[in-house]
Amino acid sequence: MRKLMIAAAFALPLVGGTAIAQETVKIGYIDPLSGGGASVGEIGLKTYQFIAEELNAKGGILGKKVEIVPFDNKTNPQESLIQAQKAIDSGVRYLTQGNGSSVAGALSDFVTKYNDRNPGKEVLYFNYAAVDPALTNDKCSYWHFRWDANSDIKMEALTNYIKDVPSIKKVYLINQDYSFGESVRTAAKAMLAAKRPDIQIVGNELHPLLKITDFAPYIAKIKASGADTVITGNWGQDFALLLKAAADSGLKANWFTYYAGGAGGPTAVKQANLNHQVFTVAEGFANVDNAPSREFEKALRAKYDFSLFYPRAVNEMRMLALAAEKAKSLDPVKIAAALEGMEFEVFNGGKGFMRKDDHQFFQPIYIASLGERTDKEPFDEEHTGWGWKQVARIDTPQTMLPTTCKMDRPN
Amino acid sequence: MLELIVISTLNGVLYGMLLFLMASGLTVIFSMLGVLNFAHASFYMLGAFFGFQISRWIGFWPALLIAPPLVGAIGAAVERYGLRPVHKNGHVAELLFTFGLAFAIEEVVQIIWGKSPVDFRVPPLLDFPAFTIFSTNYPAYKMFMLLVSIVIFAGLLITLKKTRIGLIVQAALTHPHMVGHLGHNVGRIFMLVFGVGTALAAVAGVIAGPALVTQSNMAGLLGPILFVVVVVGGLGSLPGAFIASLLIGLVQTFAVSIDGSLASAFGPLAPGYKNPFVADIWNVTIAQIAPIMPYFLLVLILIVRPMGLLGKRES
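If you're matching them up, the sequences are chains A and B in order.
Numbering of the first sequence is given in my numbering, commencing with residue 1 and proceeding in unit increments.
Numbering of the second sequence is given in my numbering, commencing with residue 1 and proceeding in unit increments.
Derived from the structure by calculation, the hints contain no laboratory data.
Please note that a few of the clues may not be correct.
Which bits of chain A does chain B cover? Going by a derived footprint, with three or more residues having C-beta under 8 Å, they are [unchecked claim]: (1) 200–208; (2) 221–227; (3) 231–245.
On the chain B side, residues computed to face chain A include the following (Cβ under 10 Å) [stated by the list, open to error]: (4) Phe134; (5) Ser135; (6) Asn137; (7) Leu192; (8) Val196; (9) Ala211; (10) Gln252; (11) Asp259; (12) Leu262; (13) Ser264; (14) Thr285.
Glycine is no exception: its CB is placed at the ideal position from the N, C-alpha and C atoms.
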């Protein structure tokens, strides 16, 4: 009897565990929830939870509830791998991560090796924000799918817009000193040279990541260079402080940015009083003229105190649900196959598709400027009263860039 | 070129004075109590957040008056109920205590105000360009920061060197027992000094908050550079901290404006030579390494003149 009880004590939790695992689809959210990146990571987590609730209200994925399981990686690649292993051990088969291309590179590598060693227990990695082009080029992996446009695609869109603005003559590049900043400035230089050879690049600066408290010296340099336009991939405080210093010194320039829409960005733009002088490139924003996305935005804002910064996360989760239906299975291998080449009506409207060659998602890209609103822009940002106004929409075919990826497919 | 030199000098002085505003409290505490306060930047952050909150309720100017005494009171309480019992166990225990305190304060700030930057604005009264030089505006607010730093420097120096209070405070540091026998409450003097030191940090916080970003990691960003200022200036020397702040401000600002690299001085590497490590060093510009210049200075000073520029004793 005693032996039986001991056996039962060991066996019961196992039975219970698998029963629960089968009832929910677990998505492991691996992003910073403490430390410097926490403000961004927390907003991402809440966004995912909101999307999961929306999916669950419609019956979940194949009738199973979607559950977002948070794992704190402190924006650290090593910590991310520990957390990924922890997630896998707790029954997670889908990982999602976005902050930091260094983390993304490590995770992609980890998942690829894990799947090689554990056939039948494959894990998929959905990348929603790490934009280093290498991840879908020479370092591409079959198990990695990216929903955000990589930094080259964004630069392609930006430069296609800049191409047709003759008033832009002198461009200054200022970026953070790491792989992403480096890829922004390399792409900007090459693409501007090809599309507008008359544009002069009057400065090409790299500054340390998240360490500068006063950008006044950098602004003095930009000013001395006579630039009329600044292109920057800066995010977080590096963006906010840069703009603040620019406003203080009265720098008159247009700003083409990747992340002006991120947490704290709109507040900084408003403080700097740069009305429709700061542009962002993204796959969507609150004021896109599209009824379903506006409804979603309204619902999100009713619940949380932030706007939807990740339309791509909605695309990711909805496509996962679609792929599961198509494959009639929750097996990651079958879902990966179903995702390849999948066409999808994206969150902000328009056709997008997951390219089979490199697992990069292509979608319409928008350029928008932040400033005073008209009737067409119902949403403001961060209670500033200012909102994003559409400046250009680049349709999917014009965002396609070639890839060098030689995909290693499982047999 | 002249334009860049003039503007960089101005920027350097402005940044240097902001550093001094923060370092003054740290150096006062160290010179008086001999405590290296790792949590100093956290009190600076508390000042910024208190300033933000109070200015929301009743305006910036009252905040500038109310927040520093509030933070000072917290600082005094920390000295009385935290540091004093810990003091018995020696300097290492004190260091560890302030080290832990910094984390605790950061967590508390995150719980109350969140992790995102708060919208702390320059008061409308000072929100205009004070003057324009080479078509660059100099905000009146930065001039105000400069003024406050100078006033604090002068005020502190006079209090310490010329007044009776300063005399007792200095005496209490070297001869606490004698001062005690003369009828002064040494414990209370230490508590007051710590309170004043943290209140100074809070003044810096309230003033720097609107000029920079008020965020829960602002302490971590400025903490290390404060120690550079204090060590380079000479531990415990107020004029030393003043000079070091200006020096670091200027060095960093000028370094940013120099685009020179080894490649521009000696020409690019031979195209066939592809060692990425050497190529990195060869092509890095002085502007890129500007932010590590202060730390380089710190190492250099410690090697050449360990007591700092104006320090009196080796430590």
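Taking the hints in turn, this is what the structure says about them:
| no. | hint | verdict |
| --- | --- | --- |
| 1 | 200–208 | holds (count 4) |
| 2 | 221–227 | holds (count 3) |
| 3 | 231–245 | holds (count 4) |
| 4 | Phe134 | holds (8 Å) |
| 5 | Ser135 | holds (7 Å) |
| 6 | Asn137 | holds (4 Å) |
| 7 | Leu192 | violated (30 Å) |
| 8 | Val196 | violated (25 Å) |
| 9 | Ala211 | holds (8 Å) |
| 10 | Gln252 | holds (7 Å) |
| 11 | Asp259 | holds (8 Å) |
| 12 | Leu262 | violated (16 Å) |
| 13 | Ser264 | violated (13 Å) |
| 14 | Thr285 | holds (8 Å) |
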